[in-house]
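Start from chain R and add chain U according to the hints.
As a plain string of letters, each chain reads:
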Amino acid sequence: MKKELKCHIGIGPKVEGVALVAHDNFSARYDLDRIKGVFSRPQHQLFGKSYKDVILVLNTAKGGVATAWMLYEMASRKIAPKAILFNTANTILAQGAALAEMAMVDRFEDGDVTKLIKSGDHIMVCPAEGQVIFLD
Amino acid sequence: MRLNKEEQAMLSGEFGPAIKWAIEHQLQVGRMFDAEDMVPVSQAHMMADPESLGEAGVAFTEKLAETDIKVRIPMITDPRGIDLNYYEPLGQTENMANLERRFIAACKNMGITMTNTCINYQTIMPPVFGEHVAFGDTGVVIYSNSVCGARSNFEGGPSALAAGLTGRTPRYGLHLDNKRIPTKRFRIMDQPQDLMDWGVLGAAIGRMAGSYWEVPIIEEVEKTPTSDQLKHFGAAMASYGSVPLFHLVGVTPESQNLVDAYSTDLEIINVDMDAISDLKKPFTAVGEHVDVVVFAAPQLSIIEMAELADICNGRHRSDTTDVIVCTSAQVYGDAVSMGYVDKIEAFGGRVLVGTCFYQQYAREIGEANGWKRLLSNSAKIVNILGGYGYQPSLASMEACIESAEKGRIVS
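Going down the list, the sequences are from chains R and U. Per this note's numbering, the first sequence starts with residue 1, numbered consecutively. Per this note's numbering, the second sequence starts with residue 137, numbered consecutively.
Don't read these hints as lab results, they were simulated from the structure. Predicted, not measured: the structure shown is a model, and the values here were computed from it. There could be a bad hint or two in this list.
[As the list claims (entries may be wrong)] Some chain U residues near chain R, calculated using beta-carbon distances under 7 Å:
| hint | residue |
| --- | --- |
| 1 | GLY190 |
| 2 | ALA192 |
| 3 | GLY193 |
| 4 | HIS268 |
| 5 | GLY285 |
| 6 | ASN289 |
| 7 | SER295 |
| 8 | MET344 |
| 9 | SER347 |
| 10 | ASN393 |
| 11 | GLY522 |
No residue lacks a Cβ here, since even glycine has one placed at the ideal position from N, Cα and C.
The following block holds chain R by itself, in its conformation from the complex (with noise of 0.2 Å):
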């Protein structure tokens, strides 16, 4: 198993933890009750999950503009993961990791970023490197 994985370089501060993966697609209003911190969408894969604290690992970002606001909005509340791994950023999230000063990257040399790492991993994600490194 590979110790770490190459990306291009990211967005926000480097942060540890452990991952919560789907090959699933992500927007803060689509999916999300933000209020209690968990995946809301019946039909997403992480439903019912929480996701504070967490390193959520999915494939693209789907949907509307609210989600540049909104990771700010959970960040102040801190009921916020505390960084997203992306196949694509799109825009939006990479403008609201921004303002939220959360850790994002994406474009991973590889391949899959959710095959190459597995919920219950234990990360660091370093988005000025463009690097993942698994610490277990």
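Quick look at chain U alone, frame taken from chain R:
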């Protein structure tokens, strides 16, 4: 990123803390997407409803406004979350309204024009071919890029605000020629007829396109669509696929050059009845009681208001089914003078001004009013509202009104 002297001065704080924040924000985003420099933009459009903003987003905006900074370019706004003339009956609270009031005051202080619309390309000042803009609301962006030939990325609220303050945005994505080239080729097998059909077709293509960075080129549309049809088509495509640009051969301005140069090497993906049926299936509930019928997402044009008023005329909704219609202030005035609003309200509908249903605390107003089963002709809104606790269903405008009249979904 290369910055000119003015941009370097912005970054060093010579223009004050608000501009410094704005360009630092833009640089972070630009670096992530490999922007080499900034591009001047002529207009900005900001999505910012109070549910998305929360206390934190409103306080952030107020802090910028307190510096007495003004936007440098014409800047307008997406729908609000509260119709301040009609919020208590919807179950919206005074706290929600106060957040909205504070945000509006901060925006006005910065010189932002509160148009509160997601159909600015139909009602305010449509961008022109090749114009670089910084627009929010995915429906606004995809229409402006595709139908007008303008150039914008999806600019979320903070980034649209930053663009308004600096008068520029990082040059990446759809500001570049090579990001506008088709990457997936679709062929329409069954021609869409009404607005719902166009929305469903856009949704199906958006879902198959699958990413912000894919550019669909779509062939074999037989009849030139209207602005409203393209509005629903694009809004649904953006909603399902996060797609910001499409080319419709024979219709959109960049399509002809691109289809000849780039399409022949792309595999053709047929959008057939199976794809359409597959998309509609989760939103089919014939015979079920309907709690609320919603016409929104995008806001209705004056033509849609006329059509809706005509269908409503002389009829009345069931006592157990509410009807909500969202349009812009610009359309509302004409709709009043033409008698359209009277006809819709005589049916028992409520016309909200300057809002859009999914942006106005959809979860809270659903719980307050006991709305669970929702019916709409908007493929976009049914995609959004599942996560807000609704059971959304799709039907044509005519079928929506007939369902509201009978209190159950007729088709």
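**Request:** Identify every previously stated hint that the structure contradicts and give their numbers, smallest first.
**Result:** The structure conflicts with hints 4, 5, 8 and 10, although it agrees with all the remaining ones.
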